[in-house]
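Visitor: Okay, here's what each chain looks like letter by letter:
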Amino acid sequence: EAQVTQNPRYLITVTGKKLTVTCSQNMNHEYMSWYRQDPGLGLRQIYYSMNVEVTDKGDVPEGYKVSRKEKRNFPLILESPSPNQTSLYFCASSRGGQLNNEQFFGPGTRLTVL
Amino acid sequence: SQQGEEDPQALSIQEGENATMNCSYKTSINNLQWYRQNSGRGLVHLILIRSNEREKHSGRLRVTLDTSKKSSSLLITASRAADTASYFCATEALQGGSEKLVFGKGTKLTVNP
Numbered sequence: 059e060a061q062v063t064q065n066p067r068y069l070i071t072v073t074g075k076k077l078t079v080t081c082s083q084n085m086n087h088e089y090m091s092w093y094r095q096d097p098g099l100g101l102r103q104i105y106y107s108m109n110v111e112v113t114d115k116g117d118v119p120e121g122y123k124v125s126r127k128e129k130r131n132f133p134l135i136l137e138s139p140s141p142n143q144t145s146l147y148f149c150a151s152s153r154g155g156q157l158n159n160e161q162f163f164g165p166g167t168r169l170t171v172l
Numbered sequence: 049s050q051q052g053e054e055d056p057q058a059l060s061i062q063e064g065e066n067a068t069m070n071c072s073y074k075t076s077i078n079n080l081q082w083y084r085q086n087s088g089r090g091l092v093h094l095i096l097i098r099s100n101e102r103e104k105h106s107g108r109l110r111v112t113l114d115t116s117k118k119s120s121s122l123l124i125t126a127s128r129a130a131d132t133a134s135y136f137c138a139t140e141a142l143q144g145g146s147e148k149l150v151f152g153k154g155t156k157l158t159v160n161p
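Quick note, the sequences are listed as chains A and B, same order. The opening residue of the first sequence carries number 59 in my numbering; numbering runs sequentially from there. The opening residue of the second sequence carries number 49 in my numbering; numbering runs sequentially from there.
Think of the hints as simulated: they come from the structure by calculation, not from any bench. We treat Cβ as the ideally placed atom computed from N, Cα and C, and that holds for glycine. Where hints are given, some of them may not hold.
Simulated DEER-style distance windows between Cβ atoms [stated by the list, open to error]:
hint	chain 1	residue 1	chain 2	residue 2	range
1	B	Asp-55	A	Val-72	17 to 27 Å
2	A	Thr-144	B	Gly-107	35 to 45 Å
3	B	Leu-123	A	Leu-172	24 to 34 Å
4	B	Lys-104	A	Gly-74	46 to 56 Å
5	A	Glu-59	B	Gln-57	32 to 42 Å
Okay, derived cross-link-like pairs now, DSS-like style, lysine-lysine, Cα gap no bigger than 25 Å in a straight line [said to hold, decoys possible]:
hint	chain 1	residue 1	chain 2	residue 2
6	B	Lys-118	B	Lys-153
7	B	Lys-148	A	Lys-115
8	B	Lys-74	B	Lys-156
9	A	Lys-129	B	Lys-148
10	B	Lys-148	A	Lys-127
11	A	Lys-115	A	Lys-127
12	A	Lys-123	A	Lys-76
13	A	Lys-123	B	Lys-148
14	A	Lys-127	A	Lys-76
15	B	Lys-148	B	Lys-118
16	A	Lys-75	A	Lys-115
17	B	Lys-74	A	Lys-115
18	B	Lys-148	B	Lys-74
19	B	Lys-153	A	Lys-115
20	B	Lys-148	B	Lys-117
Construct the complete structure from the given sequences, taking the supplied hints into account.
Guide: Written out as structure tokens, the structure reads:
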């Protein structure tokens, strides 16, 4: 089954404790991205990657890091999480660029930073 | 500023009725996409309509695009309780020197059985 998987689905952590949210897709998609969704603010892009070893900042990259060492994986790293990073996070992938292709979303990771 | 904005923010209807949601955008686009999100879950792609298309259908969904008014509408006919979800339009926007896909804040649709 074609899908985007994220782990963990739920995470409660404390300020400053480094964490990684994994994202994997099995569709051989070139494009992958991370979004965060907050009430009243909608969906905002954090980072995106056009292909292996190519990453770029989205709208709200501060406090996050990503890497794209393999085509299928695109982990999101929070080196020193803070309470304002409490949010619902989504990974997405698409064939080619995002602008004219359907994006496939993961199930989401609900992160709480205390 | 927001590229795509949905209207209304919330819509409550009875099962069997039609639901219409609108999306307005500011700058010229090549295409526009509609997505659905069930509460707390990932977005699911519904339809992509290109700028040279005026209308597109998929099952009970009908999407129109009026580039002169910079607006699109999503019509769900004969709604069902399972259609209860938030619906988002997504359009291109030039941000920070590159084109990106920008989502609106969504219309929350409730279909009452």
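Visitor: With respect to the beta-carbon atoms only, verify the hint that Asp-55/B and Val-72/A lie 17 to 27 Å apart.
Guide: At 40 Å between Cβs, range violated.
Visitor: Lying within 24 to 34 Å: is that true of the beta-carbon distance Leu-123/B to Leu-172/A?
Guide: Roughly 44 Å apart at Cβ, these two residues miss the hinted range, so it is violated.
Visitor: Keeping to a limit of 25 Å between CA atoms, is the pair of Lys-148/B and Lys-118/B held or broken?
Guide: With a Cα-Cα distance of about 18 Å, the restraint between Lys-148/B and Lys-118/B holds, given a limit of 25 Å.
Visitor: Quick one, are Lys-127/A and Lys-76/A close enough, alpha carbons at most 25 Å?
Guide: 20 Å, holds
Visitor: Take a quick look at whether Lys-148/B and Lys-115/A sit within 25 Å of each other, Cα to Cα.
Guide: Between Lys-148/B and Lys-115/A the Cα gap is close to 11 Å, so the pair holds against 25 Å.
Visitor: Check the hint pairing Lys-123/A with Lys-148/B against an upper bound of 25 Å on the C-alpha distance.
Guide: Judged against 25 Å, a Cα distance of about 19 Å means the pair holds.
Visitor: Straight-line Cα separation of Lys-118/B and Lys-153/B no greater than 25 Å?
Guide: 17 Å, holds
Visitor: The hint says 32 to 42 Å between Glu-59/A and Gln-57/B; measuring C-beta to C-beta, is that right?
Guide: Taking Cβ atoms as reference, Glu-59/A and Gln-57/B lie about 34 Å apart, which means the hint holds.
Visitor: Take the C-alpha atoms of Lys-148/B and Lys-127/A, compute the straight-line distance between them, and say whether it is at most 25 Å.
Guide: 23 Å, holds
Visitor: Within 25 Å, alpha carbon to alpha carbon, are Lys-74/B and Lys-115/A?
Guide: 23 Å, holds
Visitor: Would you check the hint for Lys-75/A and Lys-115/A, treating anything up to 25 Å between C-alpha atoms as holding?
Guide: At roughly 23 Å apart (the allowed maximum being 25 Å), Lys-115/A and Lys-75/A satisfy the hint.
Visitor: Does Lys-148/B sit within 25 Å of Lys-129/A, going by the straight-line distance between their CA atoms?
Guide: Given that 25 Å is the threshold and the Cα spacing comes to 21 Å, the pair holds.
When held up to the earlier numbered hints, the structure conflicts with 1 and 3 and fits the remainder.
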